[in-house]
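Protein chains: 2
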Amino acid sequence: MAKTELYETSVAWTGGHRGHLKLGNGPEMDFSAPPASYGEAGVLTPEDAFVGAVNTCVMLMFIWAAERFRLDLVSYECRAEGTKLIELDRTEIFTTVVLRPHIAVRAGDEPREAIEKRVRRALESAQKFSLVANSIKSKVIIEPEIRIETRLGGK
Amino acid sequence: MAKTELYETSVAWTGGHRGHLKLGNGPEMDFSAPPASYGEAGVLTPEDAFVGAVNTCVMLMFIWAAERFRLDLVSYECRAEGTKLIELDRTEIFTTVVLRPHIAVRAGDEPREAIEKRVRRALESAQKFSLVANSIKSKVIIEPEIRIETRLGGK
Chain A
1 MAKTELYETS VAWTGGHRGH LKLGNGPEMD FSAPPASYGE AGVLTPEDAF VGAVNTCVML
61 MFIWAAERFR LDLVSYECRA EGTKLIELDR TEIFTTVVLR PHIAVRAGDE PREAIEKRVR
121 RALESAQKFS LVANSIKSKV IIEPEIRIET RLGGK
Chain B
156 MAKTELYETS VAWTGGHRGH LKLGNGPEMD FSAPPASYGE AGVLTPEDAF VGAVNTCVML
216 MFIWAAERFR LDLVSYECRA EGTKLIELDR TEIFTTVVLR PHIAVRAGDE PREAIEKRVR
276 RALESAQKFS LVANSIKSKV IIEPEIRIET RLGGK
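Listed in order, the protein sequences are those of chains A and B.
For the record, in the first sequence the residue sitting at position 44 is 44 according to my numbering, with numbers rising by one throughout.
For the record, in the second sequence the residue sitting at position 125 is 280 according to my numbering, with numbers rising by one throughout.
Be aware that one or more of the hints could be misleading.
Below 20 angstroms or equal to it, Euclidean Cα-Cα: the simulated DMTMM-like pairs (lysine to aspartate or glutamate) are [unchecked claim]: (1) B/Lys283 to A/Glu149; (2) A/Lys22 to A/Glu5; (3) B/Lys292 to A/Glu5; (4) B/Lys294 to A/Glu8; (5) B/Lys283 to A/Asp89; (6) B/Lys294 to B/Glu222; (7) A/Lys128 to B/Glu242; (8) B/Lys177 to A/Glu81; (9) A/Lys128 to A/Glu67; (10) A/Lys22 to B/Glu195; (11) B/Lys177 to B/Glu163; (12) A/Lys139 to B/Glu160; (13) B/Lys158 to A/Glu87; (14) A/Lys3 to B/Asp264; (15) B/Lys294 to A/Glu5; (16) B/Lys158 to A/Asp89; (17) A/Lys137 to A/Glu87; (18) A/Lys117 to A/Glu149; (19) B/Lys177 to A/Glu5; (20) A/Lys22 to B/Glu236; (21) A/Lys137 to B/Glu160; (22) B/Lys292 to A/Glu8.
Where chain A lies over chain B, by a calculated footprint (3+ residues, C-beta under 8 angstroms) [said to hold, decoys possible]: (23) 181-192; (24) 270-278.
To give an idea of the interface, some chain B residues facing chain A are shown, with a C-beta separation under 7 angstroms as derived from the structure [as the list claims (entries may be wrong)]: (25) Leu161; (26) Val166; (27) Gly174; (28) Gly197; (29) Ala204; (30) Val206; (31) Gly207; (32) Asn210; (33) Thr211; (34) Asp227; (35) Tyr231; (36) Cys233; (37) Phe249.
Just so you know, these hints were derived from the structure itself, not from any lab.
The C-beta atom is built at its ideal place from N, Cα and C for all residues, glycine as well.
One chain only, chain A, in its complex shape (with noise of 0.2 angstroms):
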């Protein structure tokens, strides 16, 4: 059966334009808005919080998809750009958040074909299994670089 979990939050204003907030898993930490929307540099802001979630989400998913597809993981590391469309009447919404992971893999004794068509196929994965890349509304693309580390010498 589907199931369900909770997560929480809370915050509290601290004058001005900030707030601190606190993670239900642990972590506390202030927060504002952008500078360039009378927040303050620094700190954590709704916009990065957003396409940090997009982020990390996706890296946990793929990490948990490369473990599937028995990928042999060298790193990843991945920007996240989210583009934020601000409409005439000051609405504002994500549109789209594009994602380039850079990905690296031992390729092993198979053909580095095969190698990166699994890395290709662990990426649709962890897109598709993201709780937060389902959650959105912003069209999540992702345009990786992957490096197949081969071997010198080896057999």
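Fit chain B to the supplied structure of chain A, relying on the hints for placement.
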């Protein structure tokens, strides 16, 4: 004319089910999956980032609306709960985010009813103009507790 802005974050895998997140506005932090999903306690999770994005965004838009609606705000604290639905095929989605703001405002010389009505209108405005609330598929429900402070022995 409508305009767009870009917001970016970067993640890097640090082994196991862990990574390091750099936010565009400055802060950096470790992250993991929730402990219930083979992750670690004490760090950011995608779930908390998502619910925190909604919670911080609605608060900041309420602060902005409170200025526009000329409310004399004393305090704003809000607990937000996101409900994650896990389907039989293991896909997941946040179906609902419930926000429970506790808001205190000073009444000044106005009737309490007029102030409370303005607080509710400011909350509606905050939800309407919240970037994150507009960018998610989850139903956003705001259940406020409003306290109007009147001056004892005042005019």
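Going back to the hint list, which numbers does this structure go against? 1, 6, 14, 19, 24, 34
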